[in-house]
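Heads up: the sequence shown begins at 1287 in my numbering, then just goes up one per residue.
Don't read these hints as lab results, they were simulated from the structure. Given the structure is predicted, the values throughout are model-derived calculations rather than measurements. Be a bit skeptical, because a hint or two may be false.
[What the hints assert, rightly or not] For lysine to aspartate or glutamate, the following DMTMM-like pairs were computed, each having C-alpha atoms within a straight-line distance of at most 20 Å:
no., residue 1, residue 2
1, Lys1398, Glu1414
2, Lys1289, Asp1304
3, Lys1384, Asp1304
4, Lys1329, Asp1377
5, Lys1309, Asp1341
6, Lys1374, Asp1315
7, Lys1321, Asp1298
8, Lys1329, Glu1372
9, Lys1401, Glu1372
10, Lys1412, Asp1400
11, Lys1384, Glu1306
12, Lys1289, Glu1306
13, Lys1321, Asp1304
14, Lys1309, Glu1292
15, Lys1408, Glu1393
16, Lys1384, Glu1372
17, Lys1309, Asp1298
18, Lys1297, Asp1341
19, Lys1368, Glu1393
20, Lys1374, Asp1304
21, Lys1368, Glu1292
22, Lys1321, Glu1292
23, Lys1398, Glu1372
24, Lys1374, Asp1400
25, Lys1374, Asp1341
26, Lys1410, Glu1393
27, Lys1311, Asp1341
28, Lys1374, Glu1393
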Amino acid sequence: MYKPIELPNLKDYYAGNDGEIYKYKCINDVYVMYKLNPQFTTKGSKVKYVHLLFDCKEKAHSFSMQLPVCYLICGAYHGFYKPFHEVKYLDNNPLNTKPSNLFWVFEQTEKKIDKLRDQLEKIKNKYENK
1287 MYKPIELPNL
1297 KDYYAGNDGE
1307 IYKYKCINDV
1317 YVMYKLNPQF
1327 TTKGSKVKYV
1337 HLLFDCKEKA
1347 HSFSMQLPVC
1357 YLICGAYHGF
1367 YKPFHEVKYL
1377 DNNPLNTKPS
1387 NLFWVFEQTE
1397 KKIDKLRDQL
1407 EKIKNKYENK
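Using the sequences plus the hints, can you model the full thing?
What follows is the structure in structure tokens.
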């Protein structure tokens, strides 16, 4: 199943329920849907997120923009992002960009949750080491 990515300058792009981004294009009077090849942003040896580079044309000028695949998929399936929200992965795997694995979270709330999780982990380790 494909859902349109409803962002300016991204006409004919679709998010698949397989976690991939597709473009709908006319080739020799035949419309085809083809999968785009993402790039990977790494931090050290870990993949931080998967992104795509889009070449856009607007009126008299053109530009490129790099967008994370998770934002495009999550936006198409769960509504587009709001200020101060970010995408999180249920399984903490940035390579798994399927819509069922993605959800929006308020940035400040997530930081508080991470802080509490770290505190609980320290308490757990303290009592396990006794």
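Hints versus structure:
With a CA separation close to 24 Å, the supplied pair lysine 1398 and glutamate 1414 exceeds the 20 Å bound. About 11 Å separates the Cα atoms of lysine 1289 and aspartate 1304, which keeps this hinted pair within 20 Å; it holds. About 5 Å separates the Cα atoms of lysine 1384 and aspartate 1304, which keeps this hinted pair within 20 Å; it holds. At most 20 Å may separate the alpha-carbon atoms for a hinted pair to count; lysine 1329 and aspartate 1377 meet this at roughly 18 Å.
The straight-line distance between the Cα atoms of lysine 1309 and aspartate 1341 is roughly 13 Å, inside the 20 Å bound, and the hint therefore holds. For the proposed pair lysine 1374 and aspartate 1315, the alpha carbon gap of about 40 Å is over 20 Å, so the pair is violated. For the hint linking lysine 1321 to aspartate 1298, the alpha-carbon distance of about 12 Å falls within 20 Å, and the restraint holds. Distance restraint check for lysine 1329 and glutamate 1372: the Cα-Cα separation of roughly 18 Å lies within the 20 Å cut-off, and the hinted pair is therefore satisfied.
Distance check on the hinted pair: lysine 1401 and glutamate 1372 sit about 17 Å apart at the alpha-carbon level, within 20 Å; holds. A threshold of 20 Å between alpha carbons decides the hint, and for lysine 1412 with aspartate 1400 the separation of about 18 Å falls inside it, so the pair holds. Distance check on the hinted pair: lysine 1384 and glutamate 1306 sit about 8 Å apart at the alpha-carbon level, within 20 Å; holds. Simply put, lysine 1289 and glutamate 1306 have alpha-carbon atoms about 11 Å apart, close enough for the 20 Å limit, and the pair holds.
A C-alpha spacing of about 11 Å is found between lysine 1321 and aspartate 1304, which places the hinted pair at or below 20 Å, so the restraint holds. Between the alpha carbons of lysine 1309 and glutamate 1292 the distance comes to roughly 13 Å, so the proposed pair stays at or under 20 Å and holds. Straight-line distance between C-alpha atoms of lysine 1408 and glutamate 1393 comes to about 23 Å, which puts the hinted pair past the 20 Å bound. Our distance criterion of 20 Å between C-alpha atoms is met by lysine 1384 and glutamate 1372, whose separation comes to about 16 Å.
Restraint check for lysine 1309 and aspartate 1298: the C-alpha separation of about 6 Å stays at or below 20 Å, so the hint holds. For the hint pairing lysine 1297 with aspartate 1341, the CA-to-CA distance comes to about 12 Å; that is within 20 Å, so the pair holds. At roughly 11 Å between alpha-carbon atoms, lysine 1368 and glutamate 1393 fall within 20 Å of each other, so this suggested pair holds. Distance restraint check for lysine 1374 and aspartate 1304: the Cα-Cα separation of roughly 17 Å lies within the 20 Å cut-off, and the hinted pair is therefore satisfied.
At roughly 14 Å between alpha-carbon atoms, lysine 1368 and glutamate 1292 fall within 20 Å of each other, so this suggested pair holds. Using a Cα cut-off of 20 Å, the hinted pair lysine 1321 and glutamate 1292 holds, with the two alpha carbons roughly 17 Å apart. Distance hint between lysine 1398 and glutamate 1372 is fulfilled; the C-alpha atoms sit about 14 Å from each other, no more than 20 Å. Our distance criterion of 20 Å between C-alpha atoms is met by lysine 1374 and aspartate 1400, whose separation comes to about 12 Å.
Note on lysine 1374 and aspartate 1341: the hinted pairing is violated, with a Cα-Cα distance of about 26 Å set against a maximum of 20 Å. The hinted pair formed by lysine 1410 and glutamate 1393 fails the criterion: a straight-line CA distance of about 26 Å is larger than 20 Å. For the proposed pair lysine 1311 and aspartate 1341, the alpha carbon gap of about 15 Å is at most 20 Å, so the pair holds. As the CA atoms of lysine 1374 and glutamate 1393 are separated by approximately 10 Å, the hinted pair is consistent with the 20 Å bound.
In summary, the structure is inconsistent with hints 1, 6, 15, 25 and 26 from the numbered list given earlier, while agreeing with the others.
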